[in-house]
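Residue numbers (my numbering), protein chains in the order written: chain A, 1 to 336; chain B, 1001 to 1336; chain C, 2001 to 2336; chain D, 3001 to 3336.
What the hints contain is simulated information worked out from the structure, not anything from laboratory work. Watch out, some of these pointers could steer you wrong.
[To be verified] Straight-line alpha carbon distances no greater than 27 Å define the calculated DSSO-like cross-link-like pairs of lysine-lysine that follow:
#: 1; chain 1: A; residue 1: Lys318; chain 2: B; residue 2: Lys1318
#: 2; chain 1: D; residue 1: Lys3065; chain 2: B; residue 2: Lys1194
#: 3; chain 1: A; residue 1: Lys151; chain 2: D; residue 2: Lys3318
#: 4; chain 1: B; residue 1: Lys1151; chain 2: C; residue 2: Lys2151
#: 5; chain 1: D; residue 1: Lys3151; chain 2: A; residue 2: Lys318
#: 6; chain 1: B; residue 1: Lys1151; chain 2: C; residue 2: Lys2318
#: 7; chain 1: C; residue 1: Lys2194; chain 2: A; residue 2: Lys194
#: 8; chain 1: C; residue 1: Lys2194; chain 2: B; residue 2: Lys1318
#: 9; chain 1: C; residue 1: Lys2318; chain 2: B; residue 2: Lys1318
#: 10; chain 1: D; residue 1: Lys3115; chain 2: A; residue 2: Lys151
#: 11; chain 1: A; residue 1: Lys318; chain 2: D; residue 2: Lys3065
#: 12; chain 1: D; residue 1: Lys3151; chain 2: D; residue 2: Lys3115
#: 13; chain 1: A; residue 1: Lys318; chain 2: A; residue 2: Lys61
#: 14; chain 1: D; residue 1: Lys3318; chain 2: C; residue 2: Lys2318
#: 15; chain 1: D; residue 1: Lys3065; chain 2: D; residue 2: Lys3115
#: 16; chain 1: D; residue 1: Lys3065; chain 2: A; residue 2: Lys61
#: 17; chain 1: B; residue 1: Lys1061; chain 2: C; residue 2: Lys2151
#: 18; chain 1: D; residue 1: Lys3061; chain 2: A; residue 2: Lys151
#: 19; chain 1: A; residue 1: Lys61; chain 2: A; residue 2: Lys115
#: 20; chain 1: B; residue 1: Lys1151; chain 2: C; residue 2: Lys2061
Remember, it's a predicted structure, so these values are computed and weren't measured experimentally.
So the chains spell out like this:
4 protein chains.
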Amino acid sequence: MADGSERTERAAEDSAGAENGNRPEEELQVHTDLALEARESVLGEAEGIPGIRIEEAFHQKSGVKVTKVEITDERGEEAIGKPMGIYITLEAEQMAAPDEGSHREISEELSFYIKELLESFGDPRAILAVGLGNHEVTSDSLGPRVLDNLKITRHLYESRREKGILISGIIPGVMAQTGMETAEIVRGIVRETKPDAVVVIDALAARSVSRLAATIQLSNTGIQPGSGVGNHRNSLTLESLGVPVIAIGVPTVVAAAAIVYDTVDALAELLEAAGASFAADAVEGMRMEERYQMVRELIEPRFGPMFVTPGNIDEKIKLLSYTISEGINLAFCPRE
Amino acid sequence: MADGSERTERAAEDSAGAENGNRPEEELQVHTDLALEARESVLGEAEGIPGIRIEEAFHQKSGVKVTKVEITDERGEEAIGKPMGIYITLEAEQMAAPDEGSHREISEELSFYIKELLESFGDPRAILAVGLGNHEVTSDSLGPRVLDNLKITRHLYESRREKGILISGIIPGVMAQTGMETAEIVRGIVRETKPDAVVVIDALAARSVSRLAATIQLSNTGIQPGSGVGNHRNSLTLESLGVPVIAIGVPTVVAAAAIVYDTVDALAELLEAAGASFAADAVEGMRMEERYQMVRELIEPRFGPMFVTPGNIDEKIKLLSYTISEGINLAFCPRE
Amino acid sequence: MADGSERTERAAEDSAGAENGNRPEEELQVHTDLALEARESVLGEAEGIPGIRIEEAFHQKSGVKVTKVEITDERGEEAIGKPMGIYITLEAEQMAAPDEGSHREISEELSFYIKELLESFGDPRAILAVGLGNHEVTSDSLGPRVLDNLKITRHLYESRREKGILISGIIPGVMAQTGMETAEIVRGIVRETKPDAVVVIDALAARSVSRLAATIQLSNTGIQPGSGVGNHRNSLTLESLGVPVIAIGVPTVVAAAAIVYDTVDALAELLEAAGASFAADAVEGMRMEERYQMVRELIEPRFGPMFVTPGNIDEKIKLLSYTISEGINLAFCPRE
Amino acid sequence: MADGSERTERAAEDSAGAENGNRPEEELQVHTDLALEARESVLGEAEGIPGIRIEEAFHQKSGVKVTKVEITDERGEEAIGKPMGIYITLEAEQMAAPDEGSHREISEELSFYIKELLESFGDPRAILAVGLGNHEVTSDSLGPRVLDNLKITRHLYESRREKGILISGIIPGVMAQTGMETAEIVRGIVRETKPDAVVVIDALAARSVSRLAATIQLSNTGIQPGSGVGNHRNSLTLESLGVPVIAIGVPTVVAAAAIVYDTVDALAELLEAAGASFAADAVEGMRMEERYQMVRELIEPRFGPMFVTPGNIDEKIKLLSYTISEGINLAFCPRE
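Isolated chain A, as found in the complex (with noise of 0.2 Å):
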């Protein structure tokens, strides 16, 4: 969440043109950064979509549950959400598990698909890596955190002359503590020190709390905040950096405004089933303004988004920084 500050002017901006009462309707939709969220909501009305192309597989050894979802072309765009690329998804139930140690298998899973989308744009020797967020908010403190683990080479090169790809790194801070967008940072930093390929690391808004810290998510198309639309200024990808860009996500927080939307749906069902189909056809007819204006009022917009994340959280994110680091390490400096 790269863009947390950012999302608190946004969300500003989006209350004050709510009360001039020309909030358009797809701002009322909570967003997911996730690409098996989005293609779940699809995938519910309708299978074998064109434009989007998708593999499971299953680990027996690690316990890892791989879905690659592939958007061709714009129809896969339209129907997803998302752009033209390649989205990897691991999932392992024990990595939300309590009290397990390092975990290993998964880094080395990560690794092999880090590796398979780096070589996708041919043979990068020198990676800038980006760690997104917040060091002083938990939930949003993964990037930092991986970055503090990361093997950073590139300055060992030149004196050593060894063999390998090169790791730089930086942790760029969010706007509230630099002032600068992000992507302006990471830019500057690109055009100077000249790297093949970007690997960002960022923690992510998912849309159910199921998903929490039990999934990281890799794609090669950068991150573009919000729903992608239009604004390429604060984007990090190949389009505005000039070097691909690889992104490595794991869901931390749920908007709380998704709770709300979600129990509204949830009660209608619970209606429905209680035989009081009258009633859950009221709250299913509630106009999209009524659930925006309950949300307003209960989720209050003057202290900007609000976001919910479980009470052990320092212990999730401890845990996933310190694998996903690991398998940064082992795709770019394996063990001789």
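Place chains B, C and D on chain A using the hints.
Same frame as chain A, now just chains B, C and D:
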């Protein structure tokens, strides 16, 4: 929330209990740490409850609204669900305002009421400050951060023989970090170092989002985890520690379950207002078990309790912890 | 000490060079970042050096002694070993005193001189603050900690159109963490975000223990790692960044080698005073190579450079970083 | 260095004492926390001291050299200046090497000796781990950082009834932060939670730079601040706590005064080697008071004690704390 990890444990037990079908109804209630909120739910029903004395004041200069709730006997205890004692709440719009400087005027108000509560215990000279909570979880780090800024003086006394109140301080950590109840640690230190009184600082759970980071609550009753029934083993109170305990808290999270319950209520109101009173009745008529079932489905218990917190909680905690530590410093180390 | 890791690298090269027997004498000199100290060693020899202008002032109210050294031409550069420009030093006994509150009066003095230096560059409105050093090493964390407390405003301007100076800020990290020269990172960000001036905050190495944490140095010459000869690639200066650079620094360490050299000198003095002038001559007569050999044996180069720092450096850094960030905030965000 | 702040206090008293002219000579000695270094200064004089048993071993696979010094009676105590007990030192070149991965093989050796020392106390099942030192000072943060990575299990036992050793843990802080002696805090917690044994982890002061971050010392004698004479109030020992205490330490600093003393000695040797034996005699002949005076002038006592530490101490502490916490985890939680 010193009992952060404890709650996780308890939550696991709770859901096990629920599966056995013997879940008591009161457990479904969403807890509030704020006497003000407890009073509000009560006052909705009846003014002038016996056993409760309420004073309100507005301090023009500081912009702080002060509410003092005194629970004087068992009738008051039963009505509000909190033990006998004094509960003082400071509310100020600007506490929650972003981009504000340090709130000297709020620190001064706070200092006044800390001294007032302390003096109700005679003239304690040696104070142990306890920063409850988890330094690693932003929304739970208020207590530790207040301790980081306290002027600690107890060790200077013996060598320099200065006059004044002696402050010692401890950040005990949470059970997941220590394996010990916070109360065990504090009790051990109290017995060994024999302070005259204990001041406990903690992040609280509020019932409503509107209270977050905008209210400071003081009480002279100490801290009783959970609903305060029975379990004195884990309390930080005069009874359990043998010395008076003043508690200072700020609500920084709302239980995610509260959002679900509130949504149901808001929905019923909306339906009522829309003339669909039959549907509103159906929603309100949902049995507690059904509501609880919905909460369980939406906020999966396998993660333990989930909390709602603002996106910019780091800035609020930073500002509030500084305001509170200055309030304590002013109370104990008057500038000459 | 943004070049902390760079120094480690260089130290390794240095010792390799020494083994080859071709170590130039000047490398044995112990470096000081303080113009004041450089001047002192010069002034011991001759008052009134051409190319140097010195002003001293004592501010009664704040207890701050201010020394302004202006190097006006090459003769001054050569005499002091620093580039042309203005070097302002604030010294105050109470800066180093333990258990003091925040030093508002020092912040105000600092703010005055920051504005004076800035105005020498016209009227810069957009400032990029850079916190050099390593957040993970206490004695090197001054820069990052000052940034933690700065009021960042650049991102507020565009949305709110406020008047005033716009501050952005970055904590670039050290080379061991990023694999990049600090100068590369800063240069990239400057080119992308186009500030009018850069303010760099850094922990410095002093020559003498008595300066530690008791002196703030400002200059309008930026930062040149090492002896400032030649290597413009790693500089943060007008020349390398294209915008004026103000540097603010506080000495927090002394190179351990300096302690060794000083011991030898003190010993010679002691022997002289004791009438053993023959022995004093023998000590003073030690060749540079012998002295360097001794330093190498005592402070093993395999660890890289060693630094001397006070045991309670955390308290000093906390206090000083707050004093400096308040000074910068006052300079740029005058309280209305 | 749990007694970091205590030392500061003591240093102030020391210099006051020195001014009164009654400074005892032994106070001028520079302290070492390492039994190995104490033995070395002794062994220079005589092999085979009664009351001391020494075993050495080299573990081919791990590259670890192990020295076990057992002090069996008062004669040994007097010769080495440490209390009766077992002192085990693990040395390995690669511990200090930069850019190394985690040292699993060193963790395994460490785990073996922790178990050996514990078994000498019967079969303790409940262990309290204590992370001494100051989390805010990098070179003193070893203890707190080891605790950050320990597997804490005591709170799981009661609910899950697992077999095995129960670990609880505490980071007590230093006196400047708490106002309390570390021993008071630990004693209170021990009395309340009744562990069978205590394991204390601490950063140590070495006499020589060459030991820094390259040696792990274990002992079954606990920790006695200062020279271990008399003052049992501040000890963490079987005698003071009522349960056995195992101490694990790594030297991370050298007192700056040691550098001064060593320089004088090195100078005398150099002069001797250069044939200037008359000058060497004059240097060696300096009275203790003169040497102490020199130390006082070079390392000003108004700052309290000064320490020498490597520039990249953060990387060393990070690696070592991980190695030690893994050693403890292996000793107590054998992988099934």
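Consistency of the hints with the structure:
1. A/Lys318 / B/Lys1318: Roughly 22 Å separates the two Cα atoms, so the pair holds.
2. D/Lys3065 / B/Lys1194: The hint is violated at about 46 Å.
3. A/Lys151 / D/Lys3318: Holds, at roughly 13 Å.
4. B/Lys1151 / C/Lys2151: With a Cα-Cα distance of about 25 Å, the restraint between B/Lys1151 and C/Lys2151 holds, given a limit of 27 Å.
5. D/Lys3151 / A/Lys318: holds (13 Å)
6. B/Lys1151 / C/Lys2318: holds (13 Å)
7. C/Lys2194 / A/Lys194: Answer holds: C/Lys2194 to A/Lys194 is near 20 Å, not above 27 Å.
8. C/Lys2194 / B/Lys1318: violated (30 Å)
9. C/Lys2318 / B/Lys1318: Within the cut-off at roughly 15 Å; holds.
10. D/Lys3115 / A/Lys151: violated (33 Å)
11. A/Lys318 / D/Lys3065: Roughly 33 Å separates the two Cα atoms, so the pair is violated.
12. D/Lys3151 / D/Lys3115: holds (16 Å)
13. A/Lys318 / A/Lys61: holds (24 Å)
14. D/Lys3318 / C/Lys2318: This hinted pair holds, its Cα atoms lying about 22 Å apart.
15. D/Lys3065 / D/Lys3115: OK: D/Lys3065 and D/Lys3115 at ~18 Å, within 27 Å.
16. D/Lys3065 / A/Lys61: Not satisfied, since the Cα-Cα distance of roughly 38 Å exceeds 27 Å.
17. B/Lys1061 / C/Lys2151: holds (25 Å)
18. D/Lys3061 / A/Lys151: Answer holds: D/Lys3061 to A/Lys151 is near 25 Å, not above 27 Å.
19. A/Lys61 / A/Lys115: holds (20 Å)
20. B/Lys1151 / C/Lys2061: Measuring from Cα to Cα gives roughly 25 Å; hence the hint holds.
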